[in-house]
Amino acid sequence: MRTQDFYRELECVFDIPAGSITGTEKLVDLGTWDSIMAISFIAMADSKLNAEVAANKLAACRTVADLVALLPGKVTT
Amino acid sequence: MKAFIKAIEYYLPDAYLDNERLAREVPGWTAEKIEAKTGIACRRLAAPGECSSDLAVAAAQKLFVSGACRPTDIDYLLLCTQSPDYFLPTTACLVQDRLGLPTTCGALDFNLGCSGFVYGLSLAKALIETGQARNVLLLTAETYSKFIHPGDRSVRALFGDGAAATIVSSIESDADYIGPFVFGTDGSGANNLIVPTGGARRAHDPSSPVTEDSDGNQRTENNLYMNGPEIFAFTLRVIPQTTSRLLECAGLKIEEVDHWVLHQANRYMLEHLRKKLRVPPEHFPILMADCGNTVSSTIPIALCDLLAQGRLSRGQRLALVGFGVGYSWAGGMVRWA
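Each protein sequence line maps, in turn, to chains U and E.
So in this note's numbering, spot 22 of the first sequence is number 22, and the numbers just go up one at a time.
So in this note's numbering, spot 213 of the second sequence is number 1213, and the numbers just go up one at a time.
There could be a bad hint or two in this list.
[Claimed, not checked] Cβ pair distances, simulated, as ranges: (1) E/SER1066 - U/LYS48: 43 to 51 Å; (2) U/CYS12 - E/SER1066: 27 to 35 Å; (3) E/THR1130 - U/ARG62: 52 to 60 Å; (4) U/GLY19 - E/ALA1036: 21 to 29 Å; (5) E/GLY1131 - U/GLU52: 43 to 51 Å; (6) U/LYS57 - E/GLY1216: 17 to 25 Å; (7) U/ALA60 - E/ILE1254: 18 to 26 Å; (8) E/GLN1061 - U/GLY73: 43 to 51 Å; (9) E/GLU1129 - U/GLY31: 49 to 57 Å.
[To be verified] Taking lysine-lysine and the DSS-like style, the derived pairs with C-alpha atoms no more than 27 Å apart in a straight line are: (10) E/LYS1033 - U/LYS26; (11) E/LYS1033 - E/LYS1276; (12) U/LYS48 - E/LYS1006; (13) E/LYS1062 - U/LYS57; (14) U/LYS57 - U/LYS26.
Just so you know, these hints were derived from the structure itself, not from any lab.
All figures in this text were calculated on a predicted structure; none of them were measured in a lab.
Beta carbons: idealized from backbone N, C-alpha and C, even for Gly.
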């Protein structure tokens, strides 16, 4: 998936307007980042990227860039 | 001689927690949002002093009143619970006496959570088809609410108390009505769904302080803790493999199963799994709105509700899949008799 498309999917997870994410944001600045959001992200990665996300590594993510780094080979420029 | 499911009943306690009350307690939540995410409108709660044995006895009595069988017919009692009345004696022994089952009846507890009903069916089939029993009463009963801190909305929104009673009996037949089964266990996930104290490793600690996690949920070490993202990730990892193994063992294709009855954990998880498994919604019941996640009783409750709705008929093939605390999981085929 291209990076821009990943950002659009992430905007759906956060339920924020398209174009809100540019890649430099902290997750807490995008909205509530709690366990329900983490589950939504794991579901998105599974259904859209066929990617398995380690929940413990996800819990350590603080930025959009951290999320991209969590999905090696799945998000490309 | 083959084992088959003869009848199922369930019992839910009177007290309840509905979404309106939950929403009043949590800023930013609405009753509609909670139901949309969880698929649950209401959870039932055991009263103070109302224990798993009480729920199990009530469920079994409904079976006997229905005429499905008599207490004297039962020659083996299997009781699945993680919230027993006592460490000892065995809850199944208390239930044997209260139900008036014969003293020649075998009885045992087994400690499993959401996989418990499928394991219980496997044990009942083994008892019957090896000639050790003719009528097995399989009870599943939980009062998880007694483990839950009132400040932990993550688990309060999901779990409800309840019990189910299933009669597994014997029938002359060449074809199987129960099975095959597949199983799975991964104890490395134990800490992701746990009541840390209360057992021999760590005694119940009345002085355990209330802590608040990053989501704002409160609990002590005496309460149920669930790491939702870890449990969800585990489910995505394990359930597709389990359903494939089950279909392979049964020699069936996915579309040859009439009802995929998975552990009714929550609607969000079930809908995701349904789409992942590519099962149409009409073959994938979600029936937990009025009781919540009742742990080992969710599958028999869903079967009972399917039957009450006229959606279950003789000869239909069901795939039952339980998964959760442990981690423990199991899948089993059932042909409705």
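Okay, the hints, checked on the actual structure:
1. E/SER1066 - U/LYS48: 43 to 51 Å: Taking Cβ atoms as reference, E/SER1066 and U/LYS48 lie about 47 Å apart, which means the hint holds.
2. U/CYS12 - E/SER1066: 27 to 35 Å: violated (48 Å)
3. E/THR1130 - U/ARG62: 52 to 60 Å: holds (57 Å)
4. U/GLY19 - E/ALA1036: 21 to 29 Å: Hint holds: Cβ distance 26 Å, inside 21 to 29 Å.
5. E/GLY1131 - U/GLU52: 43 to 51 Å: holds (45 Å)
6. U/LYS57 - E/GLY1216: 17 to 25 Å: Because 23 Å falls inside the window, the suggested range holds.
7. U/ALA60 - E/ILE1254: 18 to 26 Å: Given about 37 Å between the Cβ atoms, the range is violated.
8. E/GLN1061 - U/GLY73: 43 to 51 Å: With Cβ atoms ~58 Å apart, the hint is violated.
9. E/GLU1129 - U/GLY31: 49 to 57 Å: holds (55 Å)
10. E/LYS1033 - U/LYS26: Between E/LYS1033 and U/LYS26 the Cα gap is close to 26 Å, so the pair holds against 27 Å.
11. E/LYS1033 - E/LYS1276: holds (23 Å)
12. U/LYS48 - E/LYS1006: Violated. U/LYS48 to E/LYS1006 sits at ~43 Å, over the 27 Å cutoff.
13. E/LYS1062 - U/LYS57: violated (48 Å)
14. U/LYS57 - U/LYS26: Between U/LYS57 and U/LYS26 the Cα gap is close to 16 Å, so the pair holds against 27 Å.
Consistency with the previously given hints fails for numbers 2, 7, 8, 12, 13, ordered from lowest to highest.
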